[in-house]
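Residue numbers (numbering that gives the first Met the number 0), protein chains in the order written: chain A, 0 to 617; chain B, 0 to 170; chain C, 0 to 181; chain D, 0 to 295.
Keep in mind that the hints were calculated from the coordinates and are not lab data. Hints may be right or wrong, so weigh each one.
For the chain D half of the interface with chain C, some residues (derived, Cβ under 10 Å), not all of them [unchecked claim]:
1. W32
2. P37
3. L42
4. S53
5. G57
6. Q195
7. A196
8. P197
9. G209
10. S240
11. L266
12. D269
13. Q270
Note that the Cβ used here is the ideal one computed from N, Cα and C, for glycine as well.
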Amino acid sequence: MNLNILLMIAVGGSVVTYLLSSISERIRDAFAILVTLAVAVAVAMLYGRTSEVTLWAGFLGNPLLLRIGPISWLFAMTVSAIGCLSVVFSLKYMRGRERNGFYYAMLLLVQAAMLGVTLSGDLLSLFIFWEIMSWSTFLLISFNGGTALAAGMKYFVMSITGSLAMLVGVVFVLVSFNTLEISTVAFALSSAPPGYLWAVFLLFGLAFAVKSAIWPFHPWLPPAHSEAPSPFSAVLSGVLIKMGFFGLLVLMYVLIGRNDFLSLGWEVLPLHTILGVIGAVTILLPTFIALLQTDAKRLLAWSTVAQAGYIILGISFGTALGLAGGMLHFLSHATFKALLFMVAGAVEYRTGGIRDLNSLGGLIKRMPVTFAAALVGACGLIGVPLTNGFVSKWLIYKTLILEGSPFLAFVALIGTWGTILYSYKFLHNIFLGQLPQNLTSVEPAPFSMRVPMVVLMAVVVLFGVLPGIPLTVIDEIGVTLGFSALDVAPWGIVSESGVVNMLNISTAVVVSVLVAWLIFWAGKSGERVDQADSYAAGAAVPEGRYQYSMHFCDPLRRMVTPWLTDRVDAFYMGLTVWFTDVSDGLRRFYTGYVGHYVMYVVLFLSALIFVELLWSPW
Amino acid sequence: MSDSLRDRLEVVFKDISSEVDVDGRLTVHANPASVLSVLGFLKDDGYDYLVLVSCIDWIDEGALEVVYVLSRYLDPADTDGGRVPMLLKTRVPRESPVLASSIEIFPVAEPHEREIHELFGIRFYGHPRLTPLFLEREYEVPPFRKDFDTRQYVEEVFGNVPPVGEGTQAL
Amino acid sequence: MDRNQLIKWIEAPAKMAHKYSLHAVYFCTGCGIIEIPPAITARWDAERFGVLPAATPRHANLFLITGYVSLKTLRAIIRTYEQMPEPKYSVGFGSCPINGGMYWDSYNTIKHLDRYIPIDGWIAGCMPRPEAIFVAVTHLWTLIEKDMADGYKRYRVHYSEYRANQERILGALEWPPLFPKE
Amino acid sequence: MQVLRLILSPLAALVIGILFLGLSRKFMARIQWRYGPPLYQPLIDILRLFTQRSVSHGVVFDLGIILTLAASFVIVLFLPFGGLCPMSGSGGLLVVLYMMLLAPLGMALTAGESANPNSSIGISRWFILALGYEVPLLLVLLAVMTRYDTISLVEIVAAQRSHTSSIATFPLVLSGVAYLLIMPAVMGLRPFEVVQAPQEISSGPMAELGGRYLAMATVQHALSMFIGISLFVNLLWGGASNPLVFLLKMLVMFALVLWVNAAFPRLRIDQAIRFLWRWPTFVAFVGLLLVVVIGD
């Protein structure tokens with residue numbers, strides 16, 4: 000199964016899905032699931048093999064290559080797995096909506112493009128698949144119309160600037176090294192003066208940073224995620240953000256090479272510490288902004304921005320443990336964030352489109368499986384032991400402390416405590432508390448939505464208890480990138496610097512839960528009562544007015560809000576306003592009266608003559 | 000000072016009588032029709048604070064007497080604190096007691112009038128919400144009227160609540 | 000902690016625990032509540048007897064109904080009593096809950112509290128002093144000792160009668176019956 | 000031997016925690032000029048609560064309270080108790096730091112499921128207060144970790160015993176002062192008792208907890224007090240070789256905290272946060288800065 004056939008299946012699948020949808024919905028759905036499943040299985044089978052295929056020899060003497068190695072395998076596997084689950088999730092979600100044929104085609108196309116990005120062997124194919132991914136994402140974000148169009152436009156403008164920067168980068172590399180193949184470019188760059196390194200880093204880095212929504216480039220993410228249809232925002236937040244990190248990883252440790260990257264930048268302030276600080280800022284501000292949100296998906300979107308900070312923090316430290324932490328956090332974030340978005344989608348689907356956290360509540364009584372999924376997702380997000388979030392954050396904290404930068408560790412830990420606040424707000428306002436009158440007839444999530452949720456829950460807990468499984472793959476990546484190897488055991492890392500013994504902690508947690516359950520079982524059992532039998536100072540519980548969810552953490556909200564105006568977003572908006580004014584001014588230049596145009600030509604010629612007479616440059 | 004007020008009252012309202020008792024408290028008697036205008040007059044005159052509205056049941060004269068207690072709240076002249084409130088009384092027949100509500104002049108009268116309606120049965124015409132203030136149940140004879148026999152009511156309502164079971168504390 | 004106390008502890012620790020840890024619901028039902036603060040502060044210190052005010056009925060096992068019980072308060076008293084966990088004791092405080100006291104002919108207060116909720120003990124007096132409260136507590140100890148403080152059992156057995164009496168006086172109650180007749 | 004330690008350490012923590020509860024009630028009574036209950040009164044209360052039949056609001060209601068108590072047990076396992084530390088192998092301080100977020104999370108599930116606004120308000124206050132005292136607490140812990148360049152508690156205690164006089168330990172005094180300022184908040188005692196305020200929000204998250212649930216909540220509160228103090232004694236006061244000296248040090252700390260508890264009224268939640276984020280954070284930040292500067 001070589002790579003271009005794989006890519007052919009993926010892209011072809013999306014086209015065929017679009018054609019099939021005109022015939023019958025059921026065949027199209029089955030076909031879509033079949034294609035994504037086949038792609039996922041094919042990528043899984045490619046584990047451990049490095050192969051290279053030339054996709055098309057033509058372009059200016061530089062062949063388009065497809066290559067698979069440990070890094071691209073891990074990213075490709077995540078892309079196809081999450082993609083397949085989101086297609087299964089969107090079966091019921093998109094049923095009965097108009098233009099869902101177009102939706103499925105675009106969804107499959109995005110997954111194919113992401114596969115192409117991870118498998119691309121040279122910069123040009125990387126750019127091509129990057130472009131396909133960008134505009135198909137735009138089409139999907141603005142699928143719902145209305146405010147989604149504005150969100151899509153914002154995303155599109157920012158990702159176009161990124162792509163243009165990348166195009167300039169590709170041309171720069173082609174001109175200076177007249178080859179685009181990544182390994183040869185890396186070899187050429189290693190001997191190039193630092194100016195080249197800076198140029199390549201800034202140009203490509205801008206594109207990847209915009210896509211991965213790091214702090215200065217994050218304003219497009221919250222509107223895009225909350226307006227996109229839920230299955231796609233699960234893919235968008237779970238995997239598409241990670242394409243930016245894939246690019247950064249390839250850029251930092253493959254193109255520029257590890258030791259060049261670490262030595263880049265000034266002596267007192269090396270580049271990787273700047274990245275670390277940016278990562279820390281990305282953790283802190285969005286965490287508190289997420290707390291103020293009252294829309295479920297916007298809260299999760301801001302949380303994605305915050306968690307991206309952890310990945311950058313882990314990757315940018317350049318130690319084996321840091322890389323392992325960053326990569327594992329990428330993987331775990333993909334799983335539990337997709338899970339949380341699916342939960343939000345299921346609740347939105349069942350309650351008829353309600354996403355406002357102030358008008359939901361008590362849904363645990365109606366949707367228990369969705370609550371379990373939300374609980375596991377929230378635990379993963381916070382990093383509770385027995386979930387993969389714990390292991391990845393643990394590795395990141397350990398690197399931060401052992402590398403001797405306690406202030407970044409402080410910001411990361413505060414980020415975790417902020418995460419608890421908004422993830423509990425998500426859990427409490429939707430599932431716990433009093434069930435309002437209008438939601439009493441809500442049915443549990445349909446079967447086709449529960450399957451992906453249960454699968455993701457299993458993955459979150461499995462990788463939490465046995466982190467060895469993902470860590471072996473990440474260790475291989477570390478070795479290929481020139482990091483020291485971590486000897487990985489199924490239950491954690493054995494090497495002395497990074498000892499994390501998940502088995503030890505998990506048994507401690509499980510045993511103490513058992514002991515606590517024994518103590519609980521020893522006491523007299525309690526009577527089961529419903530929500531009407533609650534303490535209300537001697538009065539009967541007022542129906543529908545006994546839920547505390549408006550302004551959930553109000554004291555903190557009042558204290559923190561003054562500092563949380565998103566200046567970066569304001570800056571971009573100011574930029575757009577300024578730009579429209581300037582172009583409005585220019586518009587007046589064309590008065591539409593031919594005499595003026597003749598005058599402009601004459602004036603220009605006279606200016607030229609004047610310059611010639613004075614300095615005679617020609 | 001209250002003499003000039005009494006003279007002016009006589010001049011303006013014809014069927015009004017007023018007297019001053021031993022410690023200088025002025026009491027004015029008016030008929031139900033002109034109560035609101037007297038209240039307005041007194042308010043402009045300086046009695047800007049309605050302390051309370053109460054009611055007396057003259058059962059043998061077959062009348063319910065509504066008493067408005069007025070006082071000067073911010074009286075600069077009266078500094079020694081010896082403000083003596085004045086009374087405005089009016090009588091309403093016991094059978095179908097109806098009186099105009101004084102909320103437009105003194106909004107503070109709203110709860111007082113609800114209480115009197117609930118406990119004496121006087122219907123205040125023009126009162127926004129004459130809902131019960133304290134009592135939870137309906138009484139055919141309003142409880143504060145003199146012909147309301149509490150003992151018979153207690154015997155009838157609380158008397159026939161049977162004791163529960165043959166517990167050791169059954170009284 | 001002399002010898003026979005120890006034996007009692009060993010024989011029936013649960014009963015002894017219920018005796019020496021009476022958390023009272025801090026619910027001011029009538030004029031009697033003015034006697035509770037002095038009872039729990041420095042001069043009389045009810046904590047020596049293990050009596051503490053509890054924040055919600057869920058935490059408590061003693062319910063002091065202090066003072067006259069008006070119709071509106073009766074509704075809250077029934078609700079609070081029903082929300083207390085099972086081995087619970089209720090004490091009528093003052094003469095008004097016993098037989099109406101000085102409000103014996105008032106149209107607005109109920110006369111015999113034990114016709115609406117079971118009462119385990121009474122403290123006579125028109126606002127008994129804190130010492131009277133402690134005498135009542137010690138009597139309650141003996142009642143618990145002899146298993147005579149069975150108010151909650153009586154409530155469970157005669158619930159339909161109690162409920163009928165409550166509905167006769169208060170009309171429709173906003174909460175369903177505590178022990179539905181299955 | 001290891002199994003014995005695994006059983007002994009939580010048991011000791013339980014006994015000491017409940018002893019602390021009894022001591023605090025006796026101590027408060029003595030301050031208020033009254034005799035107060037016998038020392039073993041909390042034990043009686045807990046036994047009484049266990050034998051009371053209360054009310055449950057569902058599976059998650061039970062799961063949450065079990066999770067809370069389990070989290071406190073796990074923390075106790077990782078804390079060295081005067082030379083006795085059952086699970087010192089896997090990175091002690093980070094696990095303790097991380098487990099401290101599990102206890103409020105478990106109680107949050109119980110409070111949320113009890114569908115009572117009092118408990119929801121209580122839980123949101125607990126998280127805000129936790130965020131409040133975490134800022135200085137993290138700075139203190141990071142200062143200690145970077146000073147001894149390890150994240151294992153046992154090594155920190157051993158390091159403190161070996162070279163206590165070097166210049167580098169001076170900044171830790173600042174961290175110690177910061178920790179003292181936030182000690183009542185970590186333990187949930189009076190100036191910061193806003194989470195379980197009995198009068199305002201009818202004891203917050205525990206509004207709906209009855210018999211055995213309330214018993215487990217009080218045991219968890221006792222354990223969290225034990226953890227708060229033993230963390231201070233281990234990190235900033237050199238721990239102890241045998242449990243008795245360790246217990247003595249803890250009693251001294253507990254008396255100090257109780258004085259503060261007896262004297263101060265309850266702060267509102269935003270006053271508490273404003274205090275916690277002002278002076279203790281400043282002192283802890285300076286401590287960490289000095290440690291980093293002097294350290295390398």
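Hints, verified against the model:
The beta carbon of W32(D) is positioned within 10 Å of a beta carbon in chain C (closest approach about 4 Å), and the interface hint is therefore held. Of the supplied interface hints, the one on P37(D) holds, with its beta-carbon coming within about 8 Å of a beta-carbon of chain C, less than 10 Å. For L42(D), the suggested interface contact is upheld, since its CB lies about 9 Å from the closest CB of chain C, less than 10 Å. Look at S53(D): its Cβ gets to within about 4 Å of chain C, closer than 10 Å, so that hint holds up.
Annotation: G57(D) was flagged as interfacial toward chain C, and the flag is violated, the nearest CB pair being 16 Å apart, outside 10 Å. The restraint placing Q195(D) at the interface with chain C holds, with a minimum CB-CB distance near 8 Å, inside the 10 Å limit. Annotation: A196(D) was flagged as interfacial toward chain C, and the flag holds, the nearest CB pair being 9 Å apart, inside 10 Å. With 10 Å as the threshold, the beta carbon of P197(D) comes within range of chain C, its nearest partner Cβ sitting at about 4 Å, so the hint holds.
Because the beta carbon of G209(D) sits about 4 Å from the nearest beta carbon in chain C, less than 10 Å, this interface hint is met. Given hint, S240(D) at the interface with chain C, is violated; its Cβ is 35 Å from that chain's nearest Cβ, farther than 10 Å. Restraint check, L266(D) versus chain C: the minimum CB separation of about 19 Å is more than 10 Å; hint violated. Look at D269(D): its Cβ only gets to about 22 Å from chain C, farther than 10 Å, so that hint breaks.
Taking 10 Å as the C-beta cut-off, the interface hint given for Q270(D) is violated, the closest approach to chain C being about 22 Å.
In summary, the numbered hints that this structure violates are 5, 10, 11, 12 and 13.
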